[in-house]
Amino acid sequence: MEISRLVEQIELKVVDSDADREHVRDLRFTGYKNVFDSPEDTWDEWDDKSGTHILLAEDASGAPIGTVRVIDSRIGLTEADTYTDAHRKQFPEETSFVEGARLVARGSVDIKKIVVQAALWKATFLYASEKGVDKILVWSKRGPDRGYKSLQFEEISGGEFSHPSLGNKPHKTYCLDTKQSRQIFFAMDHPLKEFFFLDHHPSLMWFE
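Under the numbering used here, think of the first position of the sequence shown as 423, with each following residue one higher.
Just so you know, not all the hints are guaranteed correct.
To be verified - Using 25 angstroms as the maximum straight-line C-alpha spacing, the simulated SDA-like pairs for lysine to any residue come out as follows: (1) Lys571 to Pro586; (2) Lys591 to Asp503; (3) Lys553 to Ala482; (4) Lys553 to Ser587; (5) Lys535 to Ser562; (6) Lys571 to His475; (7) Lys534 to Gln574; (8) Lys563 to Lys553; (9) Lys591 to Pro624; (10) Lys563 to Asp507; (11) Lys553 to Gly484; (12) Lys563 to Ala482; (13) Lys455 to Asp507; (14) Lys471 to Arg568; (15) Lys435 to Asp507; (16) Lys571 to Asp621; (17) Lys534 to Pro586; (18) Lys563 to Val531; (19) Lys553 to Phe607; (20) Lys553 to Gly589; (21) Lys455 to Gly589; (22) Lys535 to Pro624; (23) Lys553 to Asp459; (24) Lys455 to Arg528; (25) Lys535 to Lys471; (26) Lys534 to Thr506; (27) Lys571 to Ala508; (28) Lys615 to Arg528; (29) Lys535 to Arg568; (30) Lys591 to Ala523; (31) Lys471 to Glu582; (32) Lys535 to Phe607; (33) Lys471 to Ser460.
In short, the hints are calculated from the structure, not lab data.
Computed from a prediction, not measured in an experiment: that's the story for all the values here.
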């Protein structure tokens with residue numbers, strides 16, 4: 423697939439330096455227009471919590487082109503837990519979640535924004551799948567949520583909340599079942615089924 427060829431040009435790493443963090447702040451500031459006063463304001467307490475991994479995508483030249491924050495609920499609370507417990511109530515108590523949040527994709531001359539988004543979501547999915555996490559959890563305001571719906575995330579009933587640091591805009595909560603997602607994608611002949619479940623992308627395996 424063409425998207426797989428382009429994803430091979432992306433380098434993904436876990437943020438672990440001041441320079442990386444600065445790139446993440448700049449990406450978030452650009453992605454969340456009219457929400458934050460400065461790049462520094464985009465970094466919050468969840469970025470430094472145990473169980474949090476912040477990923478930075480770079481193109482072949484080393485330029486930052488995307489970021490996502492991944493939180494493993496088996497290590498600590500997700501940010502969504504602060505605002506709603508609907509996802510907890512909908513599934514058995516022992517259900518584990520990986521939360522993907524603060525996703526920003528900028529793209530570059532050679533790599534389109536949508537390719538960066540796909541790479542970041544596959545990296546999140548691979549973590550959930552390889553680590554045996556039950557659900558991938560996201561929350562989104564209206565508009566960007568179309569992307570999650572296209573990836574077969576299902577809305578959590580009662581999971582609406584207003585996010586105080588994101589302009590108090592209403593957000594909805596969505597989940598994707600990690601184990602059933604392959605069957606769902608192939609049953610509906612999803613255009614990204616091969617990309618997510620058959621194509622091998624070593625550069626997206628950011629975890630041990």
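Exercise for review: Please write out, lowest number first, the hints stated earlier that are contradicted by the structure.
Suggested key: Violated: hints 3, 4, 8, 9, 11, 12, 13, 14, 15, 17, 18, 20, 23, 25, 26.
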